[in-house]
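Chains as they are written, first to last, in the UniProt record's numbering: chain A, 1 to 368; chain B, 1 to 368.
These are calculated hints, taken from the structure and not from any lab test.
Check each hint, because a few of them may be wrong.
In this list, chains with the same sequence are indistinguishable; a pair is considered to hold if it fits within one copy or across any two.
[Said to hold, decoys possible] List time: in silico DSBU-like cross-link candidates among lysine-lysine, alpha-carbon distance up to 30 angstroms:
#1 LYS156 with LYS91
#2 LYS130 with LYS347
#3 LYS360 with LYS345
#4 LYS39 with LYS284
#5 LYS345 with LYS130
#6 LYS345 with LYS39
#7 LYS110 with LYS91
#8 LYS130 with LYS110
#9 LYS91 with LYS278
#10 LYS4 with LYS278
#11 LYS360 with LYS89
#12 LYS89 with LYS130
#13 LYS130 with LYS91
#14 LYS130 with LYS360
#15 LYS360 with LYS39
#16 LYS360 with LYS91
Every value quoted in this text rests on a predicted model; they were computed, and no experiment measured them.
Number of protein chains: 2
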Amino acid sequence: MGQKTIYIVGLGLIGSSLALGIRRDHPDYRILGYNRGEKSRRIALEQGFVDEATDDFAAFADRADIIILAVPIEQTIAFLEELATLPLKEKVLVTDAGSTKEAICQAAEKYLGPAGINFIGGHPMAGSHKTGAISADINLFENAYYIFTKTSRTQKDAIARLTDLFSGLHARFIEMDAQEHDRVTSQVSHFPHILASSLMNQAGEYALDHPFTNNFAAGGFRDMTRIVESEPGMWTSILMTNPEPVLERIAEFQSRLSHISNLLASRDTDAIWDFFDKGRRTRKEMEIHKRAGVDSFFDIFITIPDQEDVILQILELLRGISVVNIRINEENREDIDGILQITFKNKEDLDRAASVIRTKTSYPITIS
Amino acid sequence: MGQKTIYIVGLGLIGSSLALGIRRDHPDYRILGYNRGEKSRRIALEQGFVDEATDDFAAFADRADIIILAVPIEQTIAFLEELATLPLKEKVLVTDAGSTKEAICQAAEKYLGPAGINFIGGHPMAGSHKTGAISADINLFENAYYIFTKTSRTQKDAIARLTDLFSGLHARFIEMDAQEHDRVTSQVSHFPHILASSLMNQAGEYALDHPFTNNFAAGGFRDMTRIVESEPGMWTSILMTNPEPVLERIAEFQSRLSHISNLLASRDTDAIWDFFDKGRRTRKEMEIHKRAGVDSFFDIFITIPDQEDVILQILELLRGISVVNIRINEENREDIDGILQITFKNKEDLDRAASVIRTKTSYPITIS
Chain A
1 MGQKTIYIVG LGLIGSSLAL GIRRDHPDYR ILGYNRGEKS RRIALEQGFV DEATDDFAAF
61 ADRADIIILA VPIEQTIAFL EELATLPLKE KVLVTDAGST KEAICQAAEK YLGPAGINFI
121 GGHPMAGSHK TGAISADINL FENAYYIFTK TSRTQKDAIA RLTDLFSGLH ARFIEMDAQE
181 HDRVTSQVSH FPHILASSLM NQAGEYALDH PFTNNFAAGG FRDMTRIVES EPGMWTSILM
241 TNPEPVLERI AEFQSRLSHI SNLLASRDTD AIWDFFDKGR RTRKEMEIHK RAGVDSFFDI
301 FITIPDQEDV ILQILELLRG ISVVNIRINE ENREDIDGIL QITFKNKEDL DRAASVIRTK
361 TSYPITIS
Chain B
1 MGQKTIYIVG LGLIGSSLAL GIRRDHPDYR ILGYNRGEKS RRIALEQGFV DEATDDFAAF
61 ADRADIIILA VPIEQTIAFL EELATLPLKE KVLVTDAGST KEAICQAAEK YLGPAGINFI
121 GGHPMAGSHK TGAISADINL FENAYYIFTK TSRTQKDAIA RLTDLFSGLH ARFIEMDAQE
181 HDRVTSQVSH FPHILASSLM NQAGEYALDH PFTNNFAAGG FRDMTRIVES EPGMWTSILM
241 TNPEPVLERI AEFQSRLSHI SNLLASRDTD AIWDFFDKGR RTRKEMEIHK RAGVDSFFDI
301 FITIPDQEDV ILQILELLRG ISVVNIRINE ENREDIDGIL QITFKNKEDL DRAASVIRTK
361 TSYPITIS
């Protein structure tokens with residue numbers, strides 16, 4: 001597509017990783033970067049993620065063929081407003097990387113629409129607790145879903161320009177309505193975060209009068225509350241820019257709790273059993289075992305003896321096979337797992353691993 | 001304490017593992033076993049977990065100095081009723097292994113009380129997805145909490161007999177009120193299970209109209225719903241024998257959701273931030289990172305490059321240091337983790353591991 005100039009606004013984990021993906025397939029593109037903080041700006045320059053860097057957002061805007069806003073949601077909206085006041089290339093295309101889409105798309109419509117500036121909302125659905133350019137990872141979005149919003153003003157060729165720009169990410173590009181994106185993420189991410197934090201707060205207060213609450217929390221409780229330690233600011237922004245779908249999920253969930261409460265109050269054993277059984281069947285049908293953003297998820301479950309270096313022994317056998325994840329699930333009576341679970345990226349690796357374990361050890365294995 | 005005869009009723013994972021623990025410190029004790037199913041009965045005999053086995057509960061009752069009921073809750077209650085009708089040794093002591101305690105203790109009071117039969121409720125707080133005598137594990141209860149209920153009729157010497165009997169489990173014995181046990185477990189286990197199953201059912205129904213719900217479920221959602229795949233029957237029994245504390249937790253949680261709903265409806269950004277921040281701080285204060293049943297939990301977090309055999313390399317460095325758990329948390333933007341987390345059983349192992357990683361690698365580490 002010829003030499004282009006890309007302006008990445010925000011050189012944190014996301015922006016820097018996007019830069020690496022662009023470099024991979026478009027080494028000839030010129031990449032300009034904005035970052036408020038000096039450290040990531042310096043690292044991005046030193047590492048060559050960007051060719052030039054600034055802490056003045058307006059400085060590079062007029063040189064860009066494509067502008068990628070990779071900053072927090074509120075900042076993204078503020079920059080959209082500012083962009084409308086800046087001199088830009090006539091065919092400039094603007095996109096973003098925010099976790100919610102409708103509020104951002106509405107801001108783009110409001111500020112860029114009148115100026116006829118083309119905008120496509122984007123959400124690369126991957127990330128990390130790690131932050132900053134120092135954590136840039138060209139594989140961060142591999143096999144991850146990368147959402148592009150359909151809007152009334154969306155032109156096919158605009159999305160084509162972005163999928164070409166980001167081809168080096170090896171992500172899975174999906175077009176969907178901004179509203180639908182926000183509804184789905186409210187169900188699988190935003191509302192569950194409220195549930196987890198509420199449960200944590202409830203248990204914390206309960207522990208004041210019932211101290212063993214702190215001791216008896218088992219694997220299930222820990223897993224349910226793990227995300228509670230996320231950074232509060234990001235989640236506040238997410239809720240504030242996606243309130244209606246979240247409010248709707250809360251209300252719907254309230255009615256579910258009331259229903260279960262009634263079943264339990266009336267000691268309806270069969271209905272309670274059906275409730276738990278439905279959840280179990282639903283989870284299996286949802287193939288939730290798959291990692292979000294990965295097309296397929298390949299697990300091997302190995303029943304191992306409780307002795308030293310068994311994991312080491314197994315990984316030695318698997319040397320050269322790329323491991324996506326590994327865990328020993330705690331043995332907890334009310335939990336379901338209790339064996340060494342190793343996850344591979346594809347069926348080939350899984351099959352190789354399974355045959356090695358079968359031939360070289362006597363450990364029972366099952367495959368997901 | 002001289003030769004004793006122990007009658008273990010139920011030779012599943014729990015009963016068989018208890019038998020192994022008794023054998024370790026009391027090789028001279030005679031262990032009799034009941035199991036309805038033939039397979040676990042045969043395995044328990046073949047493996048020597050028990051000296052004799054029967055499928056007739058009443059058959060061995062009169063020979064036992066101590067009777068351990070390790071069957072489902074309803075069956076435990078049924079056997080308590082039946083015990084009152086059987087000829088038993090005068091000083092027989094009866095205990096159980098059920099997940100809820102008050103209903104069982106009340107049944108014991110009702111059926112055994114009048115006959116003056118001594119009963120102490122028990123809850124060995126460990127387990128596994130594995131079942132049957134085939135899964136018996138002498139280490140299953142190591143460092144796990146083992147609850148003994150205090151009742152009006154409890155005699156110190158009765159609990160002393162049990163802690164002596166089970167000394168080989170290397171468990172952490174705690175005496176607590178049956179009601180308090182059920183309240184605490186309703187908060188950290190029973191109610192959270194309802195939350196997880198409700199979330200799963202909600203998402204499953206949402207997916208019917210919003211199919212991407214199946215695709216976008218990320219690590220946080222998966223962790224929150226993992227326990228949903230547990231066996232429905234056990235959880236139904238737990239709720240049915242602990243309804244009031246669970247109902248109280250549901251109602252209390254409903255008010256929390258209503259509160260958050262109001263904060264969000266009124267766009268109270270600061271209050272929402274405080275809500276998330278409180279959850280994060282509470283979780284850290286609760287040291288929920290500790291594994292339930294383990295006195296202390298020692299984690300090292302290693303930031304590793306995304307390349308093959310890094311875990312292998314690290315475990316080779318840690319050779320000989322016992323690893324309790326290991327995991328790479330998925331990189332998910334809305335999640336908090338994304339580094340190799342290795343858990344050790346004690347501070348010594350953690351310190352050894354940390355110094356090895358520090359000296360032999362350049363990977364950044366943090367220690368919990």
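Hint-by-hint comparison with the structure:
Proximity of LYS156 to LYS91 under the C-alpha cut-off of 30 angstroms is restricted to the intra-copy arrangement: shortest distance 14 angstroms within a copy versus 84 angstroms between copies. Proximity of LYS130 and LYS347 under a CA criterion of 30 angstroms is satisfied in both settings, with 29 angstroms inside one chain copy and 26 angstroms between copies. Taking the shortest alpha-carbon separations for LYS360 and LYS345, both the intra-copy value of 22 angstroms and the inter-copy value of 28 angstroms come in at or below 30 angstroms. In this assembly of identical chains, LYS39 and LYS284 lie within 30 angstroms of each other by CA distance solely across copies; the values are 28 angstroms between and 45 angstroms within a copy.
In this assembly of identical chains, the alpha carbons of LYS345 and LYS130 lie at most 30 angstroms apart whether taken from the same copy (22 angstroms) or from different copies (27 angstroms). Taking CA atoms no more than 30 angstroms apart as the test, LYS345 paired with LYS39 passes in neither setting, with 34 angstroms inside one copy and 38 angstroms between copies. Proximity of LYS110 and LYS91 under a CA criterion of 30 angstroms is satisfied intra-copy only: 18 angstroms inside one chain copy versus 83 angstroms between copies. For the homomeric pair LYS130 and LYS110, neither the shortest alpha-carbon distance inside one copy (33 angstroms) nor that between copies (58 angstroms) is at most 30 angstroms.
Taking the closest pair of Cα atoms, LYS91 and LYS278 never come within 30 angstroms of each other, the shortest separation being 52 angstroms inside a single copy and 46 angstroms across copies. Taking identical chains as interchangeable, the C-alpha atoms of LYS4 and LYS278 are never at most 30 angstroms apart, the minima being 53 angstroms within one chain and 46 angstroms between chains. Within a single copy, LYS360 and LYS89 get their C-alpha atoms no closer than 62 angstroms, and across copies no closer than 52 angstroms, so neither meets the 30 angstroms cut-off. Proximity of LYS89 and LYS130 under a CA criterion of 30 angstroms is satisfied in neither setting, with 34 angstroms inside one chain copy and 64 angstroms between copies.
With identical chains, the CA atoms of LYS130 and LYS91 are never at most 30 angstroms apart, being 35 angstroms at best within one copy and 62 angstroms at best between copies. Taking the shortest alpha-carbon separations for LYS130 and LYS360, only the inter-copy value of 23 angstroms comes in at or below 30 angstroms, while the best intra-copy value is 37 angstroms. In this assembly of identical chains, the alpha carbons of LYS360 and LYS39 lie at most 30 angstroms apart only when taken from different copies (28 angstroms versus 49 angstroms within one copy). Within a single copy, LYS360 and LYS91 get their C-alpha atoms no closer than 61 angstroms, and across copies no closer than 53 angstroms, so neither meets the 30 angstroms cut-off.
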